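Asker: What follows is each chain in one-letter form.
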Amino acid sequence: MTIGSLIEAPSEFTDSSSGKSAIVLMTRIRLARNLAGHPFPGWAKPSEREKVLESCRSVLISTPLLKRGLSVGVDELGELERRILVERHLISRELSGSKQGSGVVISKDQTVSVMINEEDHLRIQMMRGGFQLKKVWGAINELDSLLEDSFDFAFSPSLGYLTACPTNLGTAMRASAMMHLPALVIASQMEKVVRAVNQLGMVVRGLFGEGSDASGSIFQISNQTTLGESEEEILKRLSGVLQSIIEHELNARARLLESDSGKLFDKIGRAFGILQNGHVLSSNEAMNLLSLIRLGVDLGIFPEARRCVTDRLFIEAQPGHLQYAQKAEVDAGQRDLLRADRLRSEFANFPRPDFSLSANGKN
Amino acid sequence: MANPIKCDICSKPATVHLTQILDNKVHKIDLCEECAQEKGVTDPSGFSLADLLLKASLNPEATAGGMRCEQCGFTPVDFKKLGRFGCPACYIAFKGILDPMLDGMHKGVVHAGKVPQRAIERRSLHERLSKLEGDLSEAIKAERYEDAARCRDEINQVRQAVEQKPQRQER
Chain C
2 MTIGSLIEAP SEFTDSSSGK SAIVLMTRIR LARNLAGHPF PGWAKPSERE KVLESCRSVL
62 ISTPLLKRGL SVGVDELGEL ERRILVERHL ISRELSGSKQ GSGVVISKDQ TVSVMINEED
122 HLRIQMMRGG FQLKKVWGAI NELDSLLEDS FDFAFSPSLG YLTACPTNLG TAMRASAMMH
182 LPALVIASQM EKVVRAVNQL GMVVRGLFGE GSDASGSIFQ ISNQTTLGES EEEILKRLSG
242 VLQSIIEHEL NARARLLESD SGKLFDKIGR AFGILQNGHV LSSNEAMNLL SLIRLGVDLG
302 IFPEARRCVT DRLFIEAQPG HLQYAQKAEV DAGQRDLLRA DRLRSEFANF PRPDFSLSAN
362 GKN
Chain H
30 MANPIKCDIC SKPATVHLTQ ILDNKVHKID LCEECAQEKG VTDPSGFSLA DLLLKASLNP
90 EATAGGMRCE QCGFTPVDFK KLGRFGCPAC YIAFKGILDP MLDGMHKGVV HAGKVPQRAI
150 ERRSLHERLS KLEGDLSEAI KAERYEDAAR CRDEINQVRQ AVEQKPQRQE R
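Note that the protein sequences, when read in sequence, are chains C and H. Going by my numbering, the first sequence opens with residue 2, and the numbers climb by one from there. Going by my numbering, the second sequence opens with residue 30, and the numbers climb by one from there.
So that you can see chain H by itself, here it is in the shape it has in the complex:
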């Protein structure tokens, strides 16, 4: 054969070829014997194909360039090495690499499950509070005392809402 299939992990000639059908999408992975052994593919008790697909699907060009997560300093090269992200904000910073990877990894690409409702409400109150506080000091600086008074009243209201023990809003 002129052009043997290469191992998705180390590029040696592949001898193990796996196919998984997940929701009518076919996933293929080709491995050399050593990598197959190492990843436990030959172990009948099972192995994590998801993990393999994850590493194989990350194309090398994506790891080039000077991308970096502003929050934690993580780079795509680190991802290639660790197979894990650095912090929650990495999911925004590396959206470009993530999206093709997600395609086919899961049943869908959009979350359809539980939402931490109370935490989200609380966070939006906090965000509102810090915005109001900014508005307040600006209003004072600009001597717009009517605006400042309004901001202060609103701040008090929001504070009360925050301090109230989060009550379940049963419908």
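Extracted from the complex, chain C is given alone in its bound form:
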């Protein structure tokens, strides 16, 4: 598979079917693994990095899940291609900026990606649309066990999987859910939620990970600690936290509808108007408008089947995807015009909002 055909193909995230879950867009688990007896990538000499990269690539591309997928060195990828992979959550920003001797192997359906020589030798990641912690864990656990046949992973009975950074020791597992929480944002409750979630040992980040802002009211919630608990215990705890966030979001929606439905409908109606008619849209504004449309779908203002359109556009309105579609690098000002063009044409045939249905507030 080539990078070109991968980008053209729909990804789990850009094409996750509707109705899987309204609030959890995507579930993701990653495992960090290192090869025993080899220096970690950040400390390895270039020649050692190359050697690890080569041997990992050849093993990975021959495993059943990754066969027929894409195996590529970061240095073989153009700037825009890297950006697209970041926007699809297939590689990290760190990997996309890394030097010689790193790469990635991605499954054909884009649900599995293994980064090589990022912070650790291997960062195995699996994602699925919707709230699917158990399923994703089952599948990634199986892949990891399969890879044991080919690799000696650095492991200590007391510290677990040994990782470059001690904050990942133990299970070396980070499980996360991407959540759409517009009502909590509108009701200014997100700060409180972040604080509470932090106290429970979970981390809240923006759509594109550490340091990114929460445009589009999309947040990633993941476990912070990895040592001292089994994978199942961590997932159970995370799942409990996610359930309670879902409940809070649903409550916040109900309260907004009850006390302030006029204001809420106004926001959604205006978002629709701007998406249909705007000519200059920054990435941030587009995300926030799309988020309101998605909320509208959840509230029955737009048909259920259109949720996948907003989920796809969350990604396709990103700078990398826009420029790739245009087949050229375009400056930020020009991009805002392009983005508005794109959204206008997507929303030209979008059904008009029907506010009568959601008056009974069913979600």
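Don't read these hints as lab results, they were simulated from the structure. Predicted model, so just to flag it, every value in this text is computed and none were measured. It cannot be assumed that every hint is accurate.
[As the list claims (entries may be wrong)] Think about it this way: if two alpha-carbon atoms lie no more than 20 Å apart in a straight line, the pair counts; the simulated EDC-like pairs of lysine to aspartate or glutamate are:
1) K143/H <-> D153/C
2) K110/H <-> E95/C
3) K46/C <-> D107/H
[Claimed, not checked] Sample of chain C residues at the chain H side, in silico, Cβ under 7 Å:
4) P40
5) W138
6) T172
All residues carry an ideal CB built from backbone N, CA and C; glycine is no exception.
Please build the complex by placing chain H on the supplied structure of chain C, with the hints as guidance.
Answerer: Below, chain H alone, put in the same frame as chain C:
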């Protein structure tokens, strides 16, 4: 105030004070405004307190002295700089620095999760093999041919076990 609290990162007067309670343990970190900004503490979408605690908890004395990882040449000074270790063996070499750091970083200090069972079995077979091979050549040198024959038989057995495609031992 005679003795203002200092920033855990740069030692300027701290104005931002964070508290996190993780499993009934209180973690505190004090930062000056610049460091807080830089680390994204003021960003409501969250930041990695673990990373901050990690750097702050590494006391300067620990980085002194001539400690060095035999495997990869990594030193505690490098850790202070990178916040990452050099190789898996660093975890043994720097156990003394690591242990206090781990205290409170995670839910516990002992691994309770998955064990790469098949890899461990394979490695122990390999270790056994190289020991037997050493025994064999010693036995030959010392002309203890009975021992040598026994070693050779065992080696053959172990080799067979290694070469067999790792079969899952289902119980």
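Asker: Would you check the hint for K143/H and D153/C, treating anything up to 20 Å between C-alpha atoms as holding?
Answerer: Distance ~15 Å between K143/H and D153/C Cα, so the pair holds.
Asker: K110/H and E95/C were given as a pair; does the straight-line alpha-carbon distance stay at or below 20 Å?
Answerer: 18 Å, holds
Asker: Taking the least C-beta to C-beta distance, is W138/C closer than 7 Å to chain H?
Answerer: At 10 Å from the nearest chain H Cβ, W138/C fails the 7 Å test, so the hint is violated.
Asker: Would the stated hint for P40/C survive a check requiring a Cβ distance to chain H of less than 7 Å?
Answerer: 4 Å, holds
Asker: Run the distance test for K46/C versus D107/H: straight-line Cα separation, threshold 20 Å.
Answerer: Holds, at about 15 Å.
Asker: Using the nearest Cβ pair, does T172/C come within less than 7 Å of chain H?
Answerer: For T172/C, the interface hint holds, since the closest Cβ of chain H sits about 4 Å away, which is under 7 Å.
In terms of the numbered hints stated before, the structure departs from hint 5 and from no other.
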